[in-house]
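Asker: Each chain, letter by letter, is given below.
Protein chains: 4
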Amino acid sequence: MADEILGVEENVDNMVHLPRVTIWNEYRHEKTHAEVARVYPDGMHEAIASRLRAEGLEVRTATLDEPEHGLTDAVLAQTDVLIWWGHMAHDDVEDAIVGRVYERVLDGMGLIVLHSGHYSKIFKRLMGTSCSLKWREIGERERIWVVEPGHPIAEGLGEYFEVPRAEMYGERFDVPAPDTLVFVSWFQGGEVFRSGCCYHRGKGKIFYFRPGHETYPIFYQPDVLRVIVNAARWAAPVGGPQVRFGHVPDPLS
Amino acid sequence: MADEILGVEENVDNMVHLPRVTIWNEYRHEKTHAEVARVYPDGMHEAIASRLRAEGLEVRTATLDEPEHGLTDAVLAQTDVLIWWGHMAHDDVEDAIVGRVYERVLDGMGLIVLHSGHYSKIFKRLMGTSCSLKWREIGERERIWVVEPGHPIAEGLGEYFEVPRAEMYGERFDVPAPDTLVFVSWFQGGEVFRSGCCYHRGKGKIFYFRPGHETYPIFYQPDVLRVIVNAARWAAPVGGPQVRFGHVPDPLS
Amino acid sequence: MADEILGVEENVDNMVHLPRVTIWNEYRHEKTHAEVARVYPDGMHEAIASRLRAEGLEVRTATLDEPEHGLTDAVLAQTDVLIWWGHMAHDDVEDAIVGRVYERVLDGMGLIVLHSGHYSKIFKRLMGTSCSLKWREIGERERIWVVEPGHPIAEGLGEYFEVPRAEMYGERFDVPAPDTLVFVSWFQGGEVFRSGCCYHRGKGKIFYFRPGHETYPIFYQPDVLRVIVNAARWAAPVGGPQVRFGHVPDPLS
Amino acid sequence: MADEILGVEENVDNMVHLPRVTIWNEYRHEKTHAEVARVYPDGMHEAIASRLRAEGLEVRTATLDEPEHGLTDAVLAQTDVLIWWGHMAHDDVEDAIVGRVYERVLDGMGLIVLHSGHYSKIFKRLMGTSCSLKWREIGERERIWVVEPGHPIAEGLGEYFEVPRAEMYGERFDVPAPDTLVFVSWFQGGEVFRSGCCYHRGKGKIFYFRPGHETYPIFYQPDVLRVIVNAARWAAPVGGPQVRFGHVPDPLS
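Residue numbers (the working numbering), protein chains in the order written: chain A, 32 to 284; chain B, 32 to 284; chain C, 32 to 284; chain D, 32 to 284.
Everything labelled a hint here was simulated from the structure, so no lab data went into it. Please note that the accuracy of each hint is not assured.
If chains are identical, the list can't say which one is meant, so a pair holds when it fits in one copy or spans any two.
[Stated by the list, open to error] Here are the simulated lysine to any residue pairs, SDA-like style, with alpha carbons at most 20 angstroms apart:
1) K165 x M119
2) K152 x E134
3) K155 x P209
4) K165 x Q109
5) K152 x R131
All chains, full assembly: derive it from the sequences and hints.
Answerer: So this is what it looks like as C-alpha cells:
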C-alpha cells in the first residue's frame, strides 16, 4: 500500500483524474409543484450532487433561472462533465448558451443527459435527429438490463436493476444508433427502450441515461446514482490531440 | 409501365437479383417428436421454403441427415443466402462442413441464423464469442420492436409484431454488438433481447433473428416470414471487389 | 430470361424499385469561373444526371438560384434520394429549405452528400458536429480503398480506384463515427480520410462521399459515378413502419 | 496535493486501478536471427515491459517456449491485460492454451494484439474472420492518424505520429468493423490501414494495434509505447455484472 501511494506521488499520470462535474437542472418543477418539492426539496441537482460529492468528485450546480443559466464561460471552462436535466422549459434555454455548451462538448467536455433531457436543445443539436419517443405515465415497473457488461458504465451493477415506478419511454427512440449500447429497458406495459447510449461527438463523450423523473424518487436509488458516477468518469475528457482544421501547407514546398 | 419493363430487359444491372436461398434444417425434432411433427409435418424448412417460393425466390432445402448434411460444394456454390435452423444436434454437424460454410460466408454468401441456431457451430465461429443467453419456456408473449425503421429488413412491418407464445431468450446475449440492431424483443416475464442483429463478416452478411421454435407455429406467422424474406434480400451477395490478400510488390520497382 | 421478366411483371414486390433522384447543385462556380465552366459546361449536376439517367433512374435537378432553391414541397415529395453538392454559397441556402430537407430525411428520404457538401447546413445539422477537416489543393493523387467489400455501395468496384488530381481532405474529419465505413482515402501528401460514410438518421439513410471538385473532371470518372449510382440505390427509402411518437395509452385501461 | 493523496488513501474506489499486465512474446526471432537480437537483445517483451514498469504497472512476461507457454491458469488469473506478439510460430501455440486465454477474455481480461499477432490463433478465434491483409516489407514510412481524438487510447498523442521504417499492412483487413476505430495508417507506397481497432467481446476488451516489427526498433518509440500504456488502461476489466447464462425460472411460479 505504501508503495502504491508512493507510485501515485511520483507519477502524476497515475492519479485518478476525478472529473469536475457541473449538474445543470432546469429547477422549475421543484419550485412550482408541491409534489415535486416534497420528493426533491433541494432540487434534483442536489440529490445527485450529494452522491457525487460523497464519491470525492468536485461538483457544482447550475440552474435555468440563474444569470446565463449558471453556465458562464468561466463555469464551463472548469467543467469536465456536464450533467443535464430539463423538462418543462426546454425552450427557455437561450440559443447562445446552447451554442456555448455545444462548442465545449465538441472540444472535449463530457455530457450526461438524463431522462426528459432527451428533448433539450443541446441533445437534439448534438444528435442531429428529433430525439422523439413514446411515453406513458402510469407509474409502471421498469427493469434496466445491462447488455454490455464489460463497459465501465456497468461497473458495480448486477445484471439488471429496477425502477419500481417509472414513466415509460418506448421505442422507436429517434436517435442515431449509439456507438455503444449499454442498457436496454423493459417496461411492464409492453415497451422496450435503449436506456444507456454512449456517443463520441467531436472530442466529447455523451451518455444518455433514461431513468429519472421529477415526481419519483429515482435520483435517490443507489444503482441510478452508481451509473451517473460511472458515466461521469467515462465521459471525462482525455488529453487527446489538439486538432487543427482548415488549410494545411503543401508538404513538398 | 411498359417502359419500365423495357428498361429491365435492356439493363441487366437493374434486374432484381433475387437471391438463391438454401434453407438448412437440422430436421430431427420433426421426425422424433409427435408434437413437433404435428406443427411442422414437412419440417420447419418447408414452412419457410413455401413462403420464399411464393415470393419468387429460388429455394432449395438441406438437412442434417443427408450426405454432407446436404451442403455439398456444388450446393453452396449455387447458394446466395443460407438460412440455418438447428437445436438438439449442433454437435452432429461435422467440422469440415462448418468450415466449408464459413469460407463461403467470408467469400460473400449471406447467412440467416434462426432462433436456437445461436448455438450452432457456424454462428459461434463467425461471432467469436460464446453466443450464450438466458432462456425459459413457459409459452409467454413476445413483442418484437423495430428500433431501426429505415433498415430494409423492417420493410412492410408495423412498429412491432407479436409472437403469442414464445420461448423466452433474454440478455445478456453474448455476441459482438451488431453492426446494425434492427429489433429488440420484450418478454412478458421481464426480459429483453436484441432480436434482429446485422453483421458484416468477410464479404458476407449475417442476420441473426430470434423468433422461431419447434413446437410453436411461429414459422407460419406472416410478419416472421416477411422478415426472413427481407433478410434474404439484404444478405444477398453484391458484386464487390475481388480481394487479394498477402504480399504485394514494391510500387517503386 | 423470359420467365424472369414474367416474374417481374407478375410480382410488383420483385421489381427493382429504382429511386427517383433529385440532384441539387449550388451551381454558382460554373456560372462565374471560366475554368469550372470549361470542365462542367452544363453544371456538375448534369454530369451526374446523365449517368444516372443512363442507368434507368428517374432524375431531376435543382439549383440554388431557382425559387425555393428548386426544392419545393412538391419536388421533395417526389424525391427518394437527394444528392447534394455545394461549396461557395452554403450560407445562401435558406434555413427554411434546410429544415424542409431535414424533415424529409428523418421521414425516409435518402441523402448523398458530395465532397465540399460536408460543410452544408443540411449535413452539419444531421451530423450534429462541426464536419470540419483538413484540406489542401495541389492536385495530388488520391487512392480510395474499399474497406467493407460486402457493402452494396462497393458493387462493381475493384479493391481501390484513383482520382489522379484531387483536392486533399484529411483527418481528423469531425463527424460521428459512421454506422458503416465503406471507403478510406490515401493521399499522396501523407493524409488519410474516411471517404465513404453511411449513416441512419431517422428513417433516412445518408451517404457522405468525398470525391468531387469543381475544377477537376472527377464527376466524369466511371468509378465515382458507379459509387453514386450504388449509393442512390442503397439510400432509397424502404417501406418501414410508420412510427408514432408521443403519448401512448395505458395498456391496462 | 496532500489532500489529493489523502483522498486517494481514504477512498479505494478512487485509486487508479493500474492493471496487472502480462506481455506474451513468441520470442523465437530474437533467439534465431542475429539482426533481431541486435535490435531487441532481451526480446521485444522486455522493451515493452520496461516502459510499462516505468509507468507503475505490475508487469510479467511469458513466452512460447516456457511450459504452457508461460500462460498457466495461475498466471492468467492474475492478469488483467494480456499483450500478444507472435509471428513465425503461430501454429506452435497449443489449442488448449488458446482456449484458456479465450475464456479469460470472454470473462473480462483485456487483450492487446500487436502487429503480426493479427494472425495468431487467439485473435482469429475472437474475431471470427480470416484476419488477412496485404503486406510489403521495404522499410517505408508509416503515418498513424488519430481519427477519434476523444478516445482514451489517444491520450497524450499529437494528431499523428510516424514510424520511419515500417512493414506495410494494407486494406482490406478482414476483421469485423471495430466498435471504435481510433487510428488509420497511411503508407508511403499507397496503402491505408485501420491501425487501432477497439472491440468488446464477452466481458473483455480487445485492442488491435498495427505498429511493431521484429527488425525495426518500433517498440522503443515513445508514441508507440504511449499507445500500449493507454490501451492497457482502457482494456482493464471493470467490475461489471456477473452474468449468468442458461435456464431461468418462471417468474410467476
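Asker: Each of the hints needs a verdict: does it hold here or not?
Answerer: Now the hints, each set against the structure:
When the C-alpha separation of K165 and M119 is checked against a cutoff of 20 angstroms, the pair qualifies only within one copy, where the shortest distance is 17 angstroms, while the shortest distance between copies is 40 angstroms. Proximity of K152 and E134 under a CA criterion of 20 angstroms is satisfied in both settings, with 13 angstroms inside one chain copy and 17 angstroms between copies. In this homomeric assembly, K155 and P209 come within 20 angstroms of each other (Cα to Cα) both inside a single copy, at 14 angstroms, and across copies, at 18 angstroms. Taking identical chains as interchangeable, the C-alpha atoms of K165 and Q109 are never at most 20 angstroms apart, the minima being 36 angstroms within one chain and 29 angstroms between chains.
Both within a single protomer and between protomers do K152 and R131 lie at most 20 angstroms apart by alpha-carbon distance, with minima of 12 angstroms and 19 angstroms respectively.
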